[in-house]
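Undergrad: I would like the entire structure built from these sequences, with the hints used as guidance.
Chains as they are written, first to last, in the working numbering: chain A, 1 to 325; chain B, 1 to 79.
No lab work stands behind these hints, which were simulated from the structure alone.
Do not take every clue at face value.
Below, computed lysine to aspartate or glutamate pairings styled on EDC-like, alpha-carbon distance capped at 20 Å [unchecked claim]: (1) B:Lys-5 / A:Asp-78; (2) B:Lys-49 / A:Asp-149; (3) B:Lys-49 / A:Asp-148; (4) A:Lys-209 / A:Glu-258.
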Amino acid sequence: MSELRVRAGGLYTTVQDTGRFGHYHMGMPPSGAMDTYSAVVANMLVGNPDGAGVLEGTYIGPTLEFTDDRVVAVTGADVPVTLNDEPVEPWTAIRVRSGDVLGFAMIRAGCRAYVAVSGGIDVPVYLGSRSTYTLTGIGGHEGRKLADDESLPLGAADGPGPGGAAVPEDLRPDLTGTAQLRTVVGLCSYRLTEGGLASFLGTDWKVTKDADRVGYRLRGGTLDFTEREQPFGAGSDPANVVDLGYPIGSIQVPGGDEPIVLLNDAVTGGGYATIGTVISVDRDRIAQTKTGDAVRFDSVDLDTALAARRDRRERIERVRSRIAR
Amino acid sequence: MTTIKAQMPGVFYRRPAPEKPVYVDDGESISEGQTIALIEVMKTFNEVKADASGTVAEFLVEDGDEVDVGQDIVRLGET
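TA: Okay, here's the thing in structure tokens:
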């Protein structure tokens, strides 16, 4: 039987891949691994295609029992990982056999751990992706987070693989300190006063308890909007504009001083001013911040954002060549 | 000193609902697996279960406080 036993689902573990694209215009967000880099690298370590289904555990990881020979790798958050209660290395391909149990202790830094298993988590593909979108209950494993005592289908693996491949330290993300989020200011930043924009970029924002795959609500500064005459089609709140599409990673301020960064499972459009957009590469970083952590927005231009994306692609290829050795 | 630690960050509550009594009072004995508090995070209220048995010597965080992962929330005394 090619299955993975879920002994304990953990706090909020879902099946994800690199996302469900092509349906945003109809209001379908991409979902997918919040920390793309960690998910892709986990797949590489076990010999999967980059976009194979992985598990994304949040705060408290799952407890998983294997039912055949596989290779497993854990990446993402800094968390002690165990195999049959013995510590094992993260960011490393580990050979496992039937009956072996993978577990997690308490996270030290970061927020989300990724588990890739050779063959991939082989849940049905829905609209081109295995990612779970829990708000509408589609994709992934029955459209929901994992529960205790159930099973997940695994794909066929090309042999058990050698195991032992590891990602060098310098190619693992640094999850310590304030998360610096490079941000392209706009589209509606004109709604902020000069002081409001300065506060947005000058504040160490704290991640509140309302931080999940949909968005991260932040607190710590003030955001003043300019006076204006309410335009036709816009709501009466100073932060309201005429409806627009929300870029993924965009930052809105729905009344008051608490910006929300919209992430993989967020609403795709609406009538709130988006004052900036976190660049795609740094969405990996905010995905690894937890409630209570600090984040800062650094203003960059679009060229910098595109260069960062190229850099990440190169970094992924560097990992690939290091693992293949 | 034996303590029970928060396994996740969030907002800490000692009672299941605002009008309900606390799950457990100082000085009460608790057993492993018993629900002793809630932590609200990611729009859900998650039960905090004791990972050891003993007597609650003291709650180290107040109702409504923010807690971090690994933070001590209860100090246990002699059983």
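Undergrad: Please flag the earlier hints that this structure goes against, numbers listed from lowest up.
TA: As far as the earlier hints go, not one is violated by this structure.
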